[in-house]
Amino acid sequence: MRRLLALIKKDLTDEFRTRYAINSLLLFAVIALVMVSFATGMAGLSASLHAALLWIILFFSAMSGMGRSFAKEQEKNTAPALRLAAPPEIIFWGKLCFNTILMLALAVLVLLMYIFLLNPSIGNLPLLVLLVLLGSVCLAGASTILAAIVSMAANQGTLLPILSLPVLLPFFLVVINATQTAFQGAGFSQAAGSLLFLVSYAVVIITVSLLLFRHVWQD
Amino acid sequence: MLWKIMLGIYILIVTVAAFVYAPGAAGLGDLSRIIYFHVPLAWVGVLAYLVSMLNSIRYLKKPDRDFDFRAVFNAEVGLVFTILATVTGAIFARHTWGVYWNWDPRQTSIFILMLIYAAYFVLRSSISEEENRARLSAVYCIFAFISVPLLVFIIPRLYTTLHPDPIISSSGLEMNGQMLQVFFAALLGFTGIYAWIYSLQIRLYKISQRWEGQ
Numbered sequence: 037m038r039r040l041l042a043l044i045k046k047d048l049t050d051e052f053r054t055r056y057a058i059n060s061l062l063l064f065a066v067i068a069l070v071m072v073s074f075a076t077g078m079a080g081l082s083a084s085l086h087a088a089l090l091w092i093i094l095f096f097s098a099m100s101g102m103g104r105s106f107a108k109e110q111e112k113n114t115a116p117a118l119r120l121a122a123p124p125e126i127i128f129w130g131k132l133c134f135n136t137i138l139m140l141a142l143a144v145l146v147l148l149m150y151i152f153l154l155n156p157s158i159g160n161l162p163l164l165v166l167l168v169l170l171g172s173v174c175l176a177g178a179s180t181i182l183a184a185i186v187s188m189a190a191n192q193g194t195l196l197p198i199l200s201l202p203v204l205l206p207f208f209l210v211v212i213n214a215t216q217t218a219f220q221g222a223g224f225s226q227a228a229g230s231l232l233f234l235v236s237y238a239v240v241i242i243t244v245s246l247l248l249f250r251h252v253w254q255d
Numbered sequence: 029m030l031w032k033i034m035l036g037i038y039i040l041i042v043t044v045a046a047f048v049y050a051p052g053a054a055g056l057g058d059l060s061r062i063i064y065f066h067v068p069l070a071w072v073g074v075l076a077y078l079v080s081m082l083n084s085i086r087y088l089k090k091p092d093r094d095f096d097f098r099a100v101f102n103a104e105v106g107l108v109f110t111i112l113a114t115v116t117g118a119i120f121a122r123h124t125w126g127v128y129w130n131w132d133p134r135q136t137s138i139f140i141l142m143l144i145y146a147a148y149f150v151l152r153s154s155i156s157e158e159e160n161r162a163r164l165s166a167v168y169c170i171f172a173f174i175s176v177p178l179l180v181f182i183i184p185r186l187y188t189t190l191h192p193d194p195i196i197s198s199s200g201l202e203m204n205g206q207m208l209q210v211f212f213a214a215l216l217g218f219t220g221i222y223a224w225i226y227s228l229q230i231r232l233y234k235i236s237q238r239w240e241g242q
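Top line first, the protein sequences correspond to chains A and B. When we follow this note's numbering, the leftmost residue of the first sequence carries the number 37, and every step to the right adds one. When we follow this note's numbering, the leftmost residue of the second sequence carries the number 29, and every step to the right adds one.
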């Protein structure tokens, strides 16, 4: 536990010093949002379009940021030291927590800016916020182990979205549908099935990642 | 050798039976005959992926190049069969629903299966070191398998589908005795073709190993 906290603290400190992920992620998200806002203009979009656009922006911003978490260890040659310092499971939890924090921060910002720029009519705001936050946890959970795989391969920039999409598609099908109903103003009871799916998806993905991470993280 | 000749004759009989012996389904007519080819293709596609995943697990337990090879060629075979299943499905969709592609939950599932295979090969091509490649692609193969039960069992339940569901649910296509006979015979036959390809690949692998040894 102490080592886990130390690891998260190390990543956060590193992040605040270099501000790489924060800067690039934010800018990427802003660019994507502005593009969407620009392209759609003031045309009133339907709830299904809002849900789809929101998750497309979140997916690609996440992909541009998550990949860094392991790649930076490889680039700076700090990976061997990390291997010595803690067992793989702790490393995984540390990176997962860091990615989740990053992703949650990003999601809140994207959601705020989305509402600000595109002015969608929102039927059920608490449900929408809950879906976006829960979805961010799923995104971070799925991409952490994939980021570790990608960090050991060539052409890293394009590989992470390619690998993530098949794993995330069932999740996207459900979350985009639920987000659409949240925009339309569905109650929590209507979205209960989707919420349950998201929670179990996150649990399954993180469990499988934990089982497999040992094999990724060896020299 | 004998069983391969038998298999050839068997497939021939099943193919003829699919067109002659089995009657067309009510409402669909001759269009329904595609299920004797489309469903077995999809079945082998998923089966090959399952075998690939199991071999990936075996590889992680015991890093032996043998298992890696099996995982790869099963993915290759699976990709071919999945593409064939998608194409035959699209032809059926064109003539019953009116379009080749409409993101029906079933079509989405098979499309994701193709994406997984494609991503698997992209990953393999971007890792040059042999052991790393085998290990990491095995991890990916297992990890991506999470999607499969979700897609096969959960997503089609959540969303309405136009896809006929002859085995899993009672609604949809009604099949009589003769149709079922041909249907299961075709499933068996295509699984036999898969077994044939499997044994051919293993032989090829053994020869290449011996070649390297010399």
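FYI, nobody ran anything at the bench for these hints, they're computed from the structure. Note that the Cβ used here is the ideal one computed from N, Cα and C, for glycine as well. Among these hints, one or two may not hold up.
[Claimed, not checked] Distance ranges between label pairs, derived from CB positions:
(1) A/THR76 with B/LEU228: 28 to 34 angstroms
(2) B/ALA223 with A/SER82: 35 to 41 angstroms
(3) B/PRO177 with A/ARG55: 38 to 44 angstroms
(4) A/LEU232 with B/GLU104: 33 to 39 angstroms
(5) A/THR114 with B/GLU104: 46 to 52 angstroms
(6) A/LEU246 with B/ASP94: 24 to 30 angstroms
Checked hints:
1. Taking 28 to 34 angstroms as the suggested C-beta distance range, the pair A/THR76 and B/LEU228 does not conform, at roughly 54 angstroms.
2. Range check, B/ALA223 to A/SER82: Cβ separation about 50 angstroms, and the 35 to 41 angstroms hint is violated.
3. Here the CB-CB span from B/PRO177 to A/ARG55 is close to 41 angstroms, well matched to the stated 38 to 44 angstroms.
4. Under the hint 33 to 39 angstroms, the C-beta atoms of A/LEU232 and B/GLU104, about 37 angstroms apart, fit the expected range.
5. Taking the beta carbon of each, A/THR114 and B/GLU104 are about 37 angstroms apart, not inside 46 to 52 angstroms as hinted.
6. Roughly 27 angstroms separates the CB atoms of A/LEU246 and B/ASP94, a value that falls within the hinted 24 to 30 angstroms.
Checked against the numbered hints given earlier, this structure breaks hints 1, 2 and 5; the rest are met.
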